[in-house]
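**Student:** For reference, the chains in residue letters:
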Amino acid sequence: MASVQYREIEGRSVGFYGLLSGLALVIAGGLAAAWAMEHHGHVITGMSNRIVWGTPHVFAVFLIVAASGALNVASVASVFGRELYKPLSRLSGLLAVALLAGGLAVLVLDLGRPDRLIVAMTHYNFKSIFAWNIFLYTGFFAVVALYLWTQLERRMNGYTRPAGMLAFLWRLVLTTGTGSIFGFLVARQPYDSALLAPLFIVMSFSFGMAVFLLVLMAACHWSGRVLGDALLERLGRLLGVFVAAVLYFVAVHHLTNLYIARQTDLERFLLWDGGIYPLLFWVVQILIGGVVPLVLLFSGRTSRARGALAAAAACVVAGGFAQVYVIIIGGQAYPQLIFPGKEMSSSFLDGVVAGYVPSLPEVALGLGGVGLALALTVLGLKVLPFLPRSLADGKPDSATA
Amino acid sequence: MKPERRRFLGWTAAAAAAATLGPGLRLVELALARSPEEAASTLQRWGLLIDTASCSDCDACVTACHEENGVRGHNRPLTDAQWIRKVSLRDRRTGFAQTLPLMCQHCEHPPCVDVCPTGASFRRADGIVLVDKHTCIGCRYCVMACPFGARSFVHEPVSGQKPDVPRGKGTVESCTLCVHRVDRGETPACVEACNRDGGAAMVFGDLNDAAGELHRRLRTAPSTQLRADLALNTGVRYQGL
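From first to last, the protein sequence lines are chains A and B.
Using the working numbering, you'd call the opening residue of the first sequence number 1 and step up by one each time.
Using the working numbering, you'd call the opening residue of the second sequence number 1001 and step up by one each time.
Any given hint could be a false lead.
No more than 25 Å apart at the CA atoms, straight line, and that leaves these computed lysine-lysine pairs for DSS-like [unchecked claim]:
(1) A/Lys86 x A/Lys382
(2) B/Lys1162 x B/Lys1133
(3) B/Lys1086 x A/Lys342
(4) B/Lys1133 x B/Lys1169
(5) B/Lys1086 x B/Lys1162
(6) B/Lys1133 x A/Lys127
Keep in mind that the hints were calculated from the coordinates and are not lab data.
Here the structure is a predicted model, which means the values were calculated and not measured.
With these hints in hand, go ahead and build the complete structure from the sequences.
**Tutor:** Below you can see the structure in the form of structure tokens.
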């Protein structure tokens, strides 16, 4: 196999430092928010004992799910042997690690006692899927690092395929674990479903591919690298398939619930009269995050246009955030069923839909995680050769110096 | 007498003595239950019975609980800790209204304990479900998992803590069944207050103690567990639901 020439990005321009400075500011905002939450308590956020997990968790889950999905391209190349995607494998691995780091940072800084992280590393309850996830997340860093090493170190190139296979299997288990955090919540009607694990896996395929496409296009554009139309079109079509798969799983989940009498009130809430949640579901998740990208990616007129591809990917990201928001916040806003057949009222507002407005500290913390993920990606691209010198169509090898 | 025979008779006598005295010793053990120095034991399963027919429209149990445990609010019900709350119910079809206290149900198979990543959420051998305030990292997964909304995350700095009831901002807490009182041989504050100032709707006791009042009441009249469909085997039972 002819070698692909990789090169660090130059990283000296005003634009580069401007980008890094902007990201550093966003990260600083996130840290300031975490400090404020730690100092004053979570009372300064929109979260409560009814909406226990809020906007930070929406960001964290999106980033963690996207992280495992960002590894798609590498998996397609290493596991399924598609040579076309091989030059993108390194960026795919880098982005996966960076997104996971961003998501975990948000999750950890939102803890009531982030100073006790060491407790989480030394005390385990192995019946908890959360405890398992601690291993799955840290293991993901190790496995992807190993995978990247086999790609970056010439002598290790022979082990790329088994390392890629390991990373692929690990990411499937990891996203199963993330989905199961919700799937195992037996007492809450909106969760409590084995379907959430595969749903999260297809969501990861879709969100991760969308983020990867946006980062790839931006990185090539800003570093003056050629990016072939055919390669982009293939990636776009793959994204389209993932978007359709997410829509399928969402449809099956809701249809199943609609069939179950006990769940019909919940479905009415999520799909019809639940205020912001049906709006987010139909307009942002389904229309903007599903239908629009499918039209952009598969209609003959726009499928080759780069602007349309970038717009489709951005729509998928927006729809993805809405989807995670509806799952996490909407799922908690719906009152828990403790006394079937009875109207319930109390000082805890039992039986009433819980109100929630995202607060500035929560949004700042979440954005800080996105900033961290992007900053790590930018720095990675500068210090190590993750990106090929050219990604021109049909001749990835011709760029060899 | 041959030494073998003598030894055989000796062992037989010892075995007979053990068989005779063993059950007696066991009875003594049961009668003594446990001293404060002893660890909690599976010999007990502490529980509550709430007779909704007797539950009056007061909140004596809530006030007593929060006073006993140093739980103070800031008039923000959704972020203030609520270890116990009064719930009003109204049947959707018949309009029948009733009120009852709702708190940690001290399940035999508590979902909050299952999901806790560090094991901070735990169940004592005698059935009381607690949070270890030293290992709770404040992830709130247990609050998500509890079927009864019985757990509170401490959203603000706390003051006026009681020596027996450690609390802390950024950790999760819930009804302890007044474990500090139970370990002294007393009843939980809510039960005491209900008997004194309320409708005497609450009975505290040992679900394992066939001679106890709790056992008798549960044996002689039907009772229900909340979310019985989840098969959690709750330590708190309700009558009249």
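**Student:** Which constraints among the numbered hints does this structure fail? Numbers only, ascending.
**Tutor:** none
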